[in-house]
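Got chain A; can you put chain B on it based on the hints?
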Amino acid sequence: MIIERKQIAKNVCLTKIPCYQFKTNVIAVYFKRPLCREEVTANSLIPYVLKSGTRSWQTETKISKHLQELYGTGLGVSVSKTGEMQILGFKLSFAAESFLGENILEDVISFLGEIILQPYLEDGVFCKNYVNIEKEVLKESILAKINDKAYYAKERCIEIMCKNEPYGIAEEGYLEDLELLTEENLYVQYKKMISSSSVDILLEGQMDFEKAEQFIQKHISLPEGEKVEIKEENIFVEPSELKEESETMDIEQGKLVIGYRTGRNARMDDYYDLLLYSIVLGVGAQSKLFRIVREKNSLCYSIGASLERLKGLMFIQTGIESKNKNRVIELIGEQLVEMKKGNITEEELLLAKKMAINSYRSTKDSVSGLCDFYYAQGLYGKNLTIEQAIEKIERITAEDLKKTADSIIVDTIFFLKGTEEDHFEQ
Amino acid sequence: MNNNYFGEKVYHKKLPNNMNVFFMPKEGFTKKYAVFATNFGSNDLEFISPHTGEQVRVNEGIAHFLEHKMFEQKDGTDAFAKFAEIGANANAFTNFDMTAYLFSTTENFYEGLEHLISYVQEPYFTQENVEKEKGIIAQEIKMYQDSPDWILFFNTLRAMYVEHNNRIDIAGTVESITEITPEELYTCYNTFYSPSNMALFVIGDLKWEEVVSVVEKTVKDDNRFDGVIHRLEKEEPNRVMQKEIKQSFPISIPMFMIGFKEHMNGEQKGEVLMKKMITTEIILDLLFRKGSILNEELYNESLIFSPMDCEYNGSRDYGYTLISAESRQVNLVLEKITQCLEKFKREGLDKQDFERAKKSRIGKYIRSLDSMEGIANSYVAYQFQGIDLMEYGNLLFEISLEDCQKRLEEHFKENMKVVSLIEPIEG
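Listed in order, the protein sequences are those of chains A and B. One gets this note's numbering by counting positions in the first sequence from 1 and adding 9 to each. One gets this note's numbering by counting positions in the second sequence from 1 and adding 22 to each.
Warning: the hint list may mix true and false statements.
[Claimed, not checked] Below are the SDA-like pairs computed for lysine to any residue, each with C-alpha atoms no more than 25 Å apart in a straight line: (1) A:Lys334 with B:Gln167; (2) B:Lys386 with A:Lys334; (3) B:Lys386 with A:Trp66; (4) A:Lys25 with B:Thr52; (5) A:Lys373 with B:Glu129; (6) A:Lys137 with B:Leu325.
Derived by calculation from the structure, the hints in this document are not laboratory data. Quantities reported herein were computed from a predicted structural model and do not represent experimental measurements.
With the rest of the complex left out, here is chain A (with noise of 0.2 Å):
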């Protein structure tokens, strides 16, 4: 498999993927935007209207049939929230041609086109009834997020942490800011998206390459604008005191997030030594933390380490009986400890390493994930293949580990407090 990278226009960037096991194709794109909090909101709310209508498909009605006469294709837009980057994304999934017996990728990849170019406009700006409906939706969704619980406990977390930081912006915007939008103003703010971000086409599957990128070059050609500045996130915030919050709701169990620094991300060269920390601590069954606060004590179901690889954060989530809460903070310290001592023995690191290998060579094998994983090299600017991860990962030592071990601070502990011990006393 060869990967093909190359700039196609000012602010775009095109990435081919040919790959043949599978029966699917997959094209996407993806805008970076700043996270901030002047843009945020509206960035959220913009692919939502997109996908709302465009010139030739006024309505989603219309779009939904036109997506099912091509096949079923599927059409994805995303806003999400990495490191302190916003990105909006928009992915077409199709079946591959050679099973259809009909041509389809002009079609496809004009339909892309036309969606992120070409939207249903009234007077020149979007259409409002559009905008309104998907302000009524985003609100709805900013509103959904405490029905998530454990989803909920960790966005405070991070909000608790991040305060004064970029990363500390809410992934989805906020309801006083989306207030102030209306379809003029989107509409800006959509001109200033298309020609001033820095843009990532990605195509993948099994297709005519050459054909595919004329087809780009003809249908999704964006303007050339001044490209907006990205700052890179700062990682080395060194925390003042362990801050502590909690919140009680009528739910059955607690659900814990404790926050860290790590002090590195995947712009590094060391950042391989990261993950395989926070595995050997907190990803499966082998991990200290399951094997310790579930397995040992029979404290929890589920425990888990988690990263935020460009912001350099690591975060420990577990579902746990409120009244255990000191008695599993403990026994979690515990284990940051023994990192930091370097008890960590040969099994621990072999298995550790077997885990992340597997899961790299497995990601050849999912549509989607070959795709995230070629995007998301671009965006650490460090353009690794898989197997180039793979040897990284191979070298780490024990030693490598308790050397992560030492720049790893705990930030926040946030806690969700369950009601259960008041049911038992009715």
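Frame of chain A, contents of chain B only:
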């Protein structure tokens, strides 16, 4: 290419011990995946032992509990350890009808396959290891109880079913699992984990002959029997338990789920069941999903904020359609759904929309063939229902507009409908 198999082929062998082995070659893929499953789920609570002829009743949540305990090994380690050692990724799940043990790996596949078959065939339950698990599963049950989607779904089942074990949570309750003993686990194990009641599905860039040879040398014949396990179920009446069920929970917006319960005439399986599934899904496409008139109307009036979730679940002895969404005006949405069903029953489904839905389903089915886990898990689940998943393409082509129209009239009936609601309370 044969018929509508889109370049895929499944090999099958029934071993002398009655176990079914399946294999799908996937050239060019790095990963290999295997799932070893027993036709034993949370619904199986009462049965006649095929070995002793005795009638047995077990505690709620036992299939799931057994799944957890299968990982316990005689030497004190757990089965995950060996998988980790060879760099494989392992897991297991339990649903209403089956329990499945699975792993995937990019290296040492046959070592993993031997381990998968061996550990699932070597139970080790002790007083101590059973007790230890109760605290962990209690936390798992509570985790689900904090999920509004889970509450909404189980309340729907409780409203639909009068006697059927679908009423009971897959993991049981904190109370029911405390009653579980090692003896009870062994009784279930000896009955349901017999090769006669199990199937293995392997997928990856491998050779069929090699797969068979590894399976044959590893698999045991313990507990084999001929025929099928007789499951004892109270007869489920063709009516619903209650029309409506409500609960309050800390959420931001009211949620609803409508359930249409299948009218049963004895057991359903094989092609008959699969046709029910496909026709129902097409109806859901045409009436409620993205691209439908109702979806557009509800969305444009901000009565819903994302397309309604729709699905049909069918099995040997039950079936139901679920339609759910969040809304600030639940009653109005419910009314519009009822009107929509009446309108299409009266005026008929549109031929052009029907053809387009079929075309779309074919493309989506082709794409689904890229997910190894997806195919393997579905294939086994369908196989337990007497369905060959590979026939999906052929059956889809056969289905006519009239089939769907008939299904619409027969399945979506007011008297078999229930509504589950969750109303927000302040945290």
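Each hint tested on the structure:
A distance of roughly 19 Å separates the Cα atoms of Lys334 of chain A and Gln167 of chain B; the hinted pair therefore holds under the 25 Å criterion. As the CA atoms of Lys386 of chain B and Lys334 of chain A are separated by approximately 46 Å, the hinted pair breaks the 25 Å bound. Distance check on the hinted pair: Lys386 of chain B and Trp66 of chain A sit about 22 Å apart at the alpha-carbon level, within 25 Å; holds. About 20 Å separates the Cα atoms of Lys25 of chain A and Thr52 of chain B, which keeps this hinted pair within 25 Å; it holds.
Between Lys373 of chain A and Glu129 of chain B the CA atoms are separated by roughly 14 Å; this keeps the pair inside 25 Å, and the hint holds. The suggested pairing of Lys137 of chain A with Leu325 of chain B holds, with an alpha-carbon distance near 18 Å, which does not exceed 25 Å.
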